[in-house]
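Chemist: Listed below, chain by chain, are the residues.
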Amino acid sequence: MSPTWVQLAYLVAALCFVLALKGLSTPRYARLGNLVGAAGMALAVVTAYAHGAVHNGPLILLAVAAGAVVGVPAARSVKMTAIPQMVALFNGVGGAAAALVALVEFVEVDGSALFDVATVLTVLIGAVSFSGSVVTFLKLQEVMTTRPVLLPAGRFVGAGVALLGLALAPAVVATSSVPLLVALFAVGLALGVLFVLPVGGADVPIAISLLNAFTGLAVAASGYVLGNTLLIVAGTLVGASGTILTRLMAQAMGRPLANILFGAFTAARAAAAGGEQRTVRSGTVEDVAILLGYAHSVLVVPGYGLAVAQAQHAVRELAQLLEKRGIRVDYGIHPVAGRMPGHMNVLLAEADVPYENLKELDDVNPGMGSVDVALVVGANDVVNPGARDDPASPIYGMPIFEVDHAKAVVFMKRSMRPGFAGVDNGLLYHPKTTLLFGDAKDSLTKLLTAVKQL
Amino acid sequence: MSPTWVQLAYLVAALCFVLALKGLSTPRYARLGNLVGAAGMALAVVTAYAHGAVHNGPLILLAVAAGAVVGVPAARSVKMTAIPQMVALFNGVGGAAAALVALVEFVEVDGSALFDVATVLTVLIGAVSFSGSVVTFLKLQEVMTTRPVLLPAGRFVGAGVALLGLALAPAVVATSSVPLLVALFAVGLALGVLFVLPVGGADVPIAISLLNAFTGLAVAASGYVLGNTLLIVAGTLVGASGTILTRLMAQAMGRPLANILFGAFTAARAAAAGGEQRTVRSGTVEDVAILLGYAHSVLVVPGYGLAVAQAQHAVRELAQLLEKRGIRVDYGIHPVAGRMPGHMNVLLAEADVPYENLKELDDVNPGMGSVDVALVVGANDVVNPGARDDPASPIYGMPIFEVDHAKAVVFMKRSMRPGFAGVDNGLLYHPKTTLLFGDAKDSLTKLLTAVKQL
Amino acid sequence: MGIPAESRPAERRVAALPETVALLTGAGLAVDVQSGAGRHAHVPDAAYQAAGATVVPDHPAGAAEVLLSVQPLDPERARLLREGDITIGFLPPAAELDLVRVLVERGVTSFSLDLLPRVTRAQGMDALSSQALVAGYRAVLVAAERLPRFLPMFTTAAGTVPPAKVLVLGAGVAGLQAIATARRLGAVVEAYDVRAAAAEEVRSLGARFLELSLETQSGVYAAEQSEDFLERQRELIAERVAASDVVICTAAVPGRRAPVLVTHDMLKAMAPGSVVVDLAAESGGNCAASAPGEDVRVGEVLVHGALNLPSSLPVHASRLYARNAANLLLAMTEDGVVRPDLDDEVIGGCCLTHAGRVRHGPTGELL
Amino acid sequence: MGIPAESRPAERRVAALPETVALLTGAGLAVDVQSGAGRHAHVPDAAYQAAGATVVPDHPAGAAEVLLSVQPLDPERARLLREGDITIGFLPPAAELDLVRVLVERGVTSFSLDLLPRVTRAQGMDALSSQALVAGYRAVLVAAERLPRFLPMFTTAAGTVPPAKVLVLGAGVAGLQAIATARRLGAVVEAYDVRAAAAEEVRSLGARFLELSLETQSGVYAAEQSEDFLERQRELIAERVAASDVVICTAAVPGRRAPVLVTHDMLKAMAPGSVVVDLAAESGGNCAASAPGEDVRVGEVLVHGALNLPSSLPVHASRLYARNAANLLLAMTEDGVVRPDLDDEVIGGCCLTHAGRVRHGPTGELL
Amino acid sequence: MIDLLTIFVLAVFVGFEVVSKVSTILHTPLMSGANAIHGVILVGAILITGRAEGGPELALGLAAVFLATVNVVGGFVVTDRMLEMFKGHKR
Amino acid sequence: MIDLLTIFVLAVFVGFEVVSKVSTILHTPLMSGANAIHGVILVGAILITGRAEGGPELALGLAAVFLATVNVVGGFVVTDRMLEMFKGHKR
Ligand SMILES: NC(=O)c1ccc[n+]([C@@H]2O[C@H](COP(=O)([O-])OP(=O)(O)OC[C@H]3O[C@@H](n4cnc5c(N)ncnc54)[C@H](OP(=O)(O)O)[C@@H]3O)[C@@H](O)[C@H]2O)c1
Ligand SMILES: NC(=O)c1ccc[n+]([C@@H]2O[C@H](COP(=O)([O-])OP(=O)(O)OC[C@H]3O[C@@H](n4cnc5c(N)ncnc54)[C@H](OP(=O)(O)O)[C@@H]3O)[C@@H](O)[C@H]2O)c1
Ligand SMILES: NC(=O)c1ccc[n+]([C@@H]2O[C@H](COP(=O)([O-])OP(=O)(O)OC[C@H]3O[C@@H](n4cnc5c(N)ncnc54)[C@H](O)[C@@H]3O)[C@@H](O)[C@H]2O)c1
Ligand SMILES: NC(=O)c1ccc[n+]([C@@H]2O[C@H](COP(=O)([O-])OP(=O)(O)OC[C@H]3O[C@@H](n4cnc5c(N)ncnc54)[C@H](O)[C@@H]3O)[C@@H](O)[C@H]2O)c1
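Protein chains in written order, with full-length UniProt numbering: chain A, 1 to 454; chain B, 1 to 454; chain C, 1 to 367; chain D, 1 to 367; chain E, 1 to 91; chain F, 1 to 91.
I should point out that these hints are in silico values taken from the structure, not numbers from a laboratory.
Every residue, glycine too, gets a C-beta built ideally from N, C-alpha and C.
The reader is advised that the hints may include incorrect statements.
Derived DEER-like restraints, expressed as beta-carbon distance ranges [as the list claims (entries may be wrong)]:
1. Arg8/D to Arg388/A: 36 to 44 angstroms
2. Ala174/B to Leu5/E: 20 to 28 angstroms
3. Val220/C to Ala238/D: 45 to 53 angstroms
4. Leu236/D to Glu334/C: 50 to 58 angstroms
5. Leu236/D to Asp389/B: 25 to 33 angstroms
6. Val220/C to Leu236/D: 48 to 56 angstroms
30 angstroms max Cα-Cα, derived DSS-like pairs, lysine-lysine [claimed, not checked]:
7. Lys452/B to Lys432/B
8. Lys22/B to Lys446/A
9. Lys324/B to Lys165/D
Put together the whole structure using the sequences plus the hints.
Modeler: Shown next as structure tokens:
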């Protein structure tokens, strides 16, 4: 047992981690949370060093320094778009470290059966996490293809390797044999690769999140190996929150988790039949609420869908709420929005939207670049960039609100169906665009609640 | 150390308790949560008995049976209105039990200093909780006055007793003297009484909640005394959740906690200055939200204040929300509400209130008795019972909405000022009436959020 | 009691409808209705009969003991009345001194709805209010009809039409209703009144209140203003009048000439095609150019002097009026006998002549 | 190019305003405006001059190469035109066969805004839409003016007035605007149209759509219906017509006689004082009794046959029309020269005659 | 000891988090439910009584068992009664 | 062991509860932050290396320290960068 002061320091560090996760779950405290986490980590590491680095102190410092020299600049210089693969890589090295720690401990110490079980788990999960993360990194970095990779008879290979692992694990526990453990490590590596290969490009972030939770579990298991409460608590926290997070992310993409991970087998067949599909990003009410709540300027572009949903009162309420938060809200009234001239005017006047807030094309388009969020409420044709860019489009030449020049676009509609003109709208597939599916009035009412709770 | 199976059973019980609290926090799972809690408790008790009742098994069973014979019928037969005092009483006996357990353990075992500290805490907090709960019980049962009781120099007495406790506690730890511990128990009892006496009738539930959290802490401390993880976990859970809950309850009443517990000292002085006042009852947004959210039929009576606040959209939103919950909502339109003929019609038409929902005096008054809540939004003269009952009133003879015959009345206005006719409105002081002060639009917007969260 | 067919030109209302006839006969009164009384309100004689009235061919003056009419009787008709007969209807005494003299002479007990106290209890009888409601609503329709522009805003493929600006002067019952109606039609509305309470009332309808640096008045009615005050008021509102597409004037001081708020010069500063509707035209006009019942052009601005606007909505104006009048009459009726209690604040307050004497102070002075 | 003063009776619009003149001169065109052209729209000659136009005393036909008018030219005037001259304006060919013959004979290139394809790209030129907007708005004002009742509901001390019931038949541009305007004024509105898309459009304005058990049509325009269909439709709507205080008829089938939806018998079943406004009166009428420009009484029901309603709002109707016409003209203009590209879907689509030939199929058949 | 402290700290967090968003209407039932849960002191009471070798300890222990039982059973029953109102109103 | 299990269970609850209501926009930063936290394996790495008596254990231990450090520092820094967007908007 370590001395009390060490354990207390670890407890404080664990506390910091809990607070960090809590902070990271709310926009207001996210940054602070991250800093608290870092502080906790610093405390833990310093404590471990002071108490545990009986031998090899300088070497350890050197290794830490080397890690910092590699990690910090990498994290600093990475482009925003490449962050997911960076996270994957960091996750992978964490998993590898956990496996190594368990391996070394296994070599050094001769422990109980329970200890061996924990070791086996750490090594196996750590290895899976490591190799899986490396593959996701390669996918995202586009070093290898981002499409689901299906090995011939992939399912059987996977099952075979998994069985091998299942056989090895008890053997290790029974024999305490180091070579067998190394073999298990190799099996873990193979499993990780097999696990991630079939995942398609858009789903890779979910795989990363799951591997992240795995690493957490590996760390927790290593905590058992080392009898270290901090590792248990921190690893479990990450494991649990990572699992929930993975589920949330899958939900946000509207797909059950199993589908994402194993769907490639079935999906690939379907894809072969259908043509190339463009991807859309649909968000939750909370996403949109945050987008809006932290914007400086919002442009509401109402269309026929606002009228169909009779959402004029709801949109006015939302706008007023945003204005109370100091956000500038304008309404972009397109000359032909709706189904009769002045359709939007009638609705918005009924909802008492002040006339000064109603802007026309020419008032808005030149400054579109400084609009943080364009909230398209049941409009479609009037924001279709095809009218500007695609001479073959039947609506080519109609002036539009160029919301594709805004910093972000939120589309509220019920489906992917086109508008009056019956032409597809490229903006729906734009990376800037978040879709919020559902009846406009429902969505706005929910948004209202969500923004209030920010 | 207890055998592993016992500890595992305790762990499962602890888990049940966590799930119980989680369930109790959402209306849908509240009942289930309570049952899960009870199941966990059964498991824990059976385990404890099977493993720990080495001696005195039959006696213990007898005591348990006696407790059940007393507790179940009491809980079954108590009137709904008397439930708070029942909870207080149960809480008190729990505190007492914790104190006794620690006392006995102190007598039986000779433990470390840390053990003694835990014992002292258990006994002290348990005693406070016990006597405090008994006093709240007496208050609520109206055996004693419900008004804040201020002992002469109460603050000094309180401080004195607290100091005595502070002195005794280290003495017990130092000497391990049983008589001193008993003395500490007595001090705790006195402190509990002194703590609750100055709390006014309406605030007693908050005091109960705080004492409940105290008992939780006492149980957790006794867990340390006994080295029992289950007691620690369960006690801490209750202590932590009880603290949060107390804060939430105080917030819901719109008063900082300190005010409630210690406010009596200052408040009492203020009351002495003013003359005889008819009392009004002003509620919080949450109170009104619950009144509305669990009603079957609501009558909205709008008046000039609705127009001044331009709250027509807000009232329509609230009505629609209530209707979605299956509540029947009508609007009572008085012929002279507002300041021009048809004033309410104009406003409500603008907010798209369906014409069918607009009711006149004769449609509504005969069935007023079956209206659960009459929501008077910025109206005054048109619901003044003086127009019906008081021949001396300048408005005598004007027909009114007889909302005083509804089951409950909620008044939304900004102050106690009279309406157009300048005459006082007796309904404001009626026991059925809850006042919700503030601009009608603000209040309605808040109500909307509160009802959504029911 | 009797209900005449109104004979004044352009009067299309009627003082009783079948529903109020039923009320009155229910109270034990025998009701005679002159044939054709309800023709403009689209009520055939048969409907009155069905409600319990007797249809008589001639004006019931002299035959009925109680006469319920909208407009005052012609003085000649009034000569047919007998001592103790009762008349109820509008009767602005200052404008009808001849009639008042006849009523005094014949010993008639006459009640004027123009004099009804504006107290809470009397609201059900307050025909000034109910008819002002009609006038305020119609005033906006009249203006919208004459304006060569839209009231609401429209954003269309052929350009954007801005909302019309409407200025309402005087925010009594008619003024408030005009504000509400113009807002409904999508206009941008602002309003002014001398009464202190008016600002909040105007805002309660979603319109802007013109804050002028002028003294305000308290009380239900405005008191007459000095010429100096009016001069300052005109100066202050001139700019707002010029900026408006529609001006609706409803300012009045009971029993006095209406204040002149819009001068010829102010009209000239308005945009071509603008419209002024003057509800006060009959009592002298808030607009210097207005003539009752006429559309006067001043430059390219149209000034409509309203003449009996309520009459242009005969069905509903009659319905409200008939109910007011019936309420007043019922308040005087007990056991089928009409016996007005002149000590009652409301009934006494609107009694103009009784037993050969003028009971209304200011009118007495005028005679 | 030239802008005439409109000469048809009761036409108060003008085909260009100073703002569009500025657009056209900006595109390199020389604009002649006949003196007094803008008088009803309250635009003085000076304003045109200030915008860059030349004010000419006479009708510019024969002098200008391009004529921009609201109404079609009189056939005699058209004889003044020279080969290759261009006319732009409303020109319903079926009603103006004489004129069409003259245009063909003189080799004039004429564009009719009645024929403009209703495609997205042409919305800025769509004068049918913009003028239908005006007509729909005015139709409600006309009805409200003539109705002896309130449109909105009022709960007052003198009793409650229920909201008026308005039925709109045909929910095209004008019908939708009528629905919106009547709803603004507080009426309870229901509507019917044969087009399938109309139900949602009607509801999107907060009105009730009458679900009839009749086949619906798809497409932008309604196709002509069989007499059998119309018979069934009349049967089904009869009860709703009878229950309405106001019926506004806007049903039309382009190029055809308007369907008769409201018969004499249906009118008789309406409440006394009710009002029917028939926007289709000029093309035969949706109501059997309507006559363009007249108020016809059928029993106690008033039927107003609309005649050129947009003209009653000259300022804004002109503004929208002028912008539409200018947009069309600008689409044909390049480098200051008007050179219509007849292969263009929109421009070719609304070209009625060119180089001595009728380009519009149905019209060709009629001749 | 430190492990127990860790357990304590984690339990505090769980306690905080679990009830942090409860609606007003559930305040009283939640309080009552928590109240029943701290009746778990019954476990402690049984344990000490089971060890007691007679005399005052036994008496006090039995008293503790009795009181704790009242707390437990009364608490759960009364909470259940309070929650009956949620039966009818499903959502 | 059971205490450690209790700790594990409680930590699971805390982990679940704490992130259960996070909004989508924070998914990635939260994942990245959690990722940094499991870099706490660095503590374990330091401990075993501190005990290592040379040879392969030392090498492996140092490798673990290196990798874990990369995980920790990279994780926190990258998370912070992601969160920069929340800087401007105070309330
Ligand atoms: N203004 C005029 O005078 C006039 C007249 C005739 C035609 N048009 C034409 O109409 C179009 C107007 O453009 P627009 O952008 O206003 O409309 P739009 O292009 O027709 O798009 C409306 C969108 O609203 C969505 N929507 C419908 N109901 C909804 C509901 N309840 N909740 C949420 N979304 C809903 C629909 O998508 P989902 O189905 O996926 O929900 C649809 O894509 C133009 O093409 C214009 O040319 C205009
Ligand atoms: N309808 C007509 O034609 C007409 C015409 C003239 C006079 N009147 C008279 O007006 C009266 C109408 O009765 P009523 O019940 O509608 O009105 P009322 O009796 O005047 O009462 C209105 C109440 O609304 C409250 N209020 C004002 N602003 C508010 C705000 N922003 N938020 C919340 N509450 C606000 C006021 O209390 P606080 O100040 O405490 O907030 C006031 O007590 C009758 O006496 C009637 O005789 C009617
Ligand atoms: N007791 C009741 O319940 C009841 C019922 C109906 C009306 N009223 C009250 O009666 C009052 C008068 O209503 P009315 O419509 O018969 O009034 P009115 O027709 O006599 O006058 C119309 C308005 O013109 C205003 N006015 C006078 N001189 C003006 C000037 N120079 N500039 C601007 N405005 C000027 C007056 O203040 C008044 O508001 C109002 O206060 C109304 O609230 C009370
Ligand atoms: N492409 C565009 O952007 C654009 C622009 C403006 C209008 N439009 C479309 O043009 C169409 C017609 O508009 P319009 O106002 O010129 O039409 P219109 O004047 O030709 O006809 C009016 C309406 O009468 C209806 N109708 C015909 N017979 C009927 C019957 N028997 N009973 C009931 N209703 C009947 C028609 O369906 C039509 O809606 C609409 O669909 C409108 O959406 C499109």
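Chemist: Of the hints given before, which are not true for this structure?
Modeler: As far as the earlier hints go, only 5 is violated by this structure.
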